[in-house]
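Asker: Residues per chain are reported as follows:
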Amino acid sequence: QSTLVVAEHADSKLNAATLSAVTAAKQVGHEITCIVAGADCKQVAAELSKVGGVSKLLVAEDAALEGLLPERVAPVLLAAHKQFNFSHIIAGATAFGKSVLPRVAAKLDVSPISDITGIQAPDTFVRTIYAGNAIQTLKAKDAVKVLTVRGTSFEPAEVSGGSAAPEPLTVEVDKNSSEYIGQELSKSDRPELTSASNVVSGGRGLKSGDNFELLYKLADKLNAAVGASRAAVDAGFVSNDMQVGQTGKIIAPDLYVAVGISGAIQHLAGMKDSKTIVAINKDAEAPIFQVADLGLVADLFKAVPEMTEKL
Amino acid sequence: MRILVGVKRVIDYAVKVRVRPDKKGVVTDGVKHSMNPFDEIAVEEAIRLKEKKIAKEVVALSIGPTQAQETLRTALAMGADSAIHVEVPAGELERVQPLHVSRIISKLATEGKFDLVMVGKQAIDDDCNQTAQMTAAMLDWPQATFASKVEKDGDYLKVTREIDGGLETIKVGVPAVISADLRLNEPRYATLPNIMKAKKKPIKKMKASELGVDLTPTIEVISVEDPPVRAAGIKVDDVDTLIAKLKEAGRV
Chain W
-9 QSTLVVAEHA DSKLNAATLS AVTAAKQVGH EITCIVAGAD CKQVAAELSK
41 VGGVSKLLVA EDAALEGLLP ERVAPVLLAA HKQFNFSHII AGATAFGKSV
91 LPRVAAKLDV SPISDITGIQ APDTFVRTIY AGNAIQTLKA KDAVKVLTVR
141 GTSFEPAEVS GGSAAPEPLT VEVDKNSSEY IGQELSKSDR PELTSASNVV
191 SGGRGLKSGD NFELLYKLAD KLNAAVGASR AAVDAGFVSN DMQVGQTGKI
241 IAPDLYVAVG ISGAIQHLAG MKDSKTIVAI NKDAEAPIFQ VADLGLVADL
291 FKAVPEMTEK L
Chain Y
272 MRILVGVKRV IDYAVKVRVR PDKKGVVTDG VKHSMNPFDE IAVEEAIRLK
322 EKKIAKEVVA LSIGPTQAQE TLRTALAMGA DSAIHVEVPA GELERVQPLH
372 VSRIISKLAT EGKFDLVMVG KQAIDDDCNQ TAQMTAAMLD WPQATFASKV
422 EKDGDYLKVT REIDGGLETI KVGVPAVISA DLRLNEPRYA TLPNIMKAKK
472 KPIKKMKASE LGVDLTPTIE VISVEDPPVR AAGIKVDDVD TLIAKLKEAG
522 RV
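Protein sequence lines, in the order shown, are assigned to chains W and Y. Heads up: the first sequence begins at -9 in this note's numbering, then just goes up one per residue. Heads up: the second sequence begins at 272 in this note's numbering, then just goes up one per residue.
Read the hints as simulated data drawn from the structure, not as lab findings. Careful: at least some of the hints might be erroneous.
Pairs of lysine to aspartate or glutamate, EDC-like flavour, derived with a Cα cap of 20 angstroms [to be verified]: (1) Lys300/W <-> Asp508/Y; (2) Lys292/W <-> Asp509/Y; (3) Lys165/W <-> Asp411/Y; (4) Lys506/Y <-> Asp273/W; (5) Lys323/Y <-> Asp424/Y; (6) Lys423/Y <-> Glu169/W; (7) Lys378/Y <-> Asp99/W; (8) Lys129/W <-> Glu496/Y; (9) Lys272/W <-> Asp508/Y; (10) Lys97/W <-> Asp411/Y; (11) Lys475/Y <-> Glu341/Y; (12) Lys292/W <-> Asp511/Y; (13) Lys129/W <-> Asp398/Y; (14) Lys429/Y <-> Asp164/W; (15) Lys287/Y <-> Glu275/W; (16) Lys300/W <-> Asp509/Y; (17) Lys131/W <-> Asp397/Y; (18) Lys272/W <-> Asp509/Y; (19) Lys506/Y <-> Glu275/W; (20) Lys211/W <-> Asp509/Y; (21) Lys442/Y <-> Glu174/W.
Using the sequences and the hints, build the whole thing.
Answerer: Rendered as structure tokens:
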């Protein structure tokens, strides 16, 4: 009985979702092996070797793994599984984890379990369904449990106390079926949305992308990340990676300030576990006020600049 | 190119779901259902590929009880050419997992010599986000999940994907599996003449057993419960009070 944690990384940096996956693996309770695959992962491997609780570290480095295409990464994970016969395979519930792990599960002929929020026993897991409107507890009977874990439900493991030495894993990578072309990543000096302690989010009430400038100013005062509702992304005000909600990012910061957001259930699914929720909206009947700890019924174009100035 | 597009009948997105008294699922009887919104986007994209002459034929597939045919009629009214209904009785439906669905889709894709399978990135009932990836694995085809743009590029499809940090572009060879994300397109409404025409389009009925797919569940649902309710908050009158309360709570 042992667990494989699949590391995720970009620009030679380990993604925090991986550390949440390590915490989940610790809760499962078996020995933990971590695997990192990529075109260049020496730096990430060095970081991973420091993570406490990881007893083995596999490194699959190959130029063909650039962009981490699922058709190429899945065979690497399957090769590791063939060698060590893991009982659990775990990754963060990120775009990467969600792309690769179901592919691995299908090859093993088992049902993956997505986006878990709790572990009750090595075979019993908790997850949300219907956009967080119901909580399901389930028992997985398959021999191998393939899980993606929600970052907000598992504290990131400490990057200290570990001493696993990187061991190379060589796998023949099939390069035929797909090709990685490139990424256009949004650049920002502000904290990253999924790990920020404070988040300021805007909705349709902002009326335009230019008006998000008001939120950026407030965010700078609060050292906050900036998010958006689906309505604001669909309207083209801001880019998709800023979307908070059922199908966007699921976050749980200490402080969440919802500005001009009505509070559709799909949005609430992405932020209702925040510790303190503030809502600023001119419509007193907006559903966002039902989850807000502090609600201010006001014109955001007056209230937000005033708040920025007074903080 | 022939496209097989999967459509799931789910509780309508605007319905507030209620947990059943037996705590094993949610109330579905007498509740409005419609096509999973992400699948609607997949159907729309498949039809657009046909309109651009990239695809020749679009076949819609649904797995579910008799009412799944209503969902298929919607896909046919949007412009799909024909449909396949894999019948699963309502009582058994809850136990069907994406693993089973993927097996059915991959069998049909092979038998029907399809070149492209399209589905929504997730269903809004179980929120699993697995079917496209698993179908691709079973078929040994490449996958392009969370697509926000699909273009033809020689023998390949160039797909823009929504990822956590922004957008990613990949090329996949055909045959392939694509899953649709929110911003791929805006699905059309079926017009009355097209709804009438859809009634005459063929729906082929079959059972999972005829495809050799065993629907024995590997997951047991122990309980389904309401989420914890957040304690009611307060309304403040002005920005000064808001900031004072936030300071009190140690948040600013």
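Asker: Check the hint pairing lysine 129/W with glutamate 496/Y against an upper bound of 20 angstroms on the C-alpha distance.
Answerer: 15 angstroms, holds
Asker: Hey, lysine 97/W versus aspartate 411/Y, does the alpha-carbon distance stay inside 20 angstroms?
Answerer: 9 angstroms, holds
Asker: Please work out if lysine 131/W and aspartate 397/Y have their alpha carbons no farther apart than 20 angstroms.
Answerer: 18 angstroms, holds
Asker: Could you grab the alpha-carbon distance between lysine 272/W and aspartate 509/Y and see if it respects the 20 angstroms cut-off?
Answerer: Within the cut-off at roughly 12 angstroms; holds.
Asker: Are the Cα positions of lysine 272/W and aspartate 508/Y separated by 20 angstroms at most?
Answerer: 12 angstroms, holds
Asker: Decide if the proposed pair is consistent with the structure: lysine 300/W and aspartate 508/Y, CA atoms, cutoff 20 angstroms inclusive.
Answerer: 16 angstroms, holds
Asker: Decide if the proposed pair is consistent with the structure: lysine 129/W and aspartate 398/Y, CA atoms, cutoff 20 angstroms inclusive.
Answerer: Cα-Cα ~17 angstroms, so holds.
Asker: Taking 20 angstroms as the top limit, are the C-alpha atoms of lysine 475/Y and glutamate 341/Y close enough?
Answerer: The hint holds at about 14 angstroms.
Asker: Is lysine 165/W within 20 angstroms of aspartate 411/Y, Cα to Cα?
Answerer: Measuring from Cα to Cα gives roughly 13 angstroms; hence the hint holds.
Asker: Hey, lysine 300/W versus aspartate 509/Y, does the alpha-carbon distance stay inside 20 angstroms?
Answerer: 12 angstroms, holds
Asker: Is the Cα-Cα distance between lysine 323/Y and aspartate 424/Y 20 angstroms or less?
Answerer: 13 angstroms, holds
Asker: For the pair supplied as a hint, lysine 442/Y and glutamate 174/W, is the alpha-carbon distance within the 20 angstroms limit?
Answerer: Distance of about 15 angstroms is within 20 angstroms: holds.
The earlier numbered hints are all upheld by this structure, with none contradicted.
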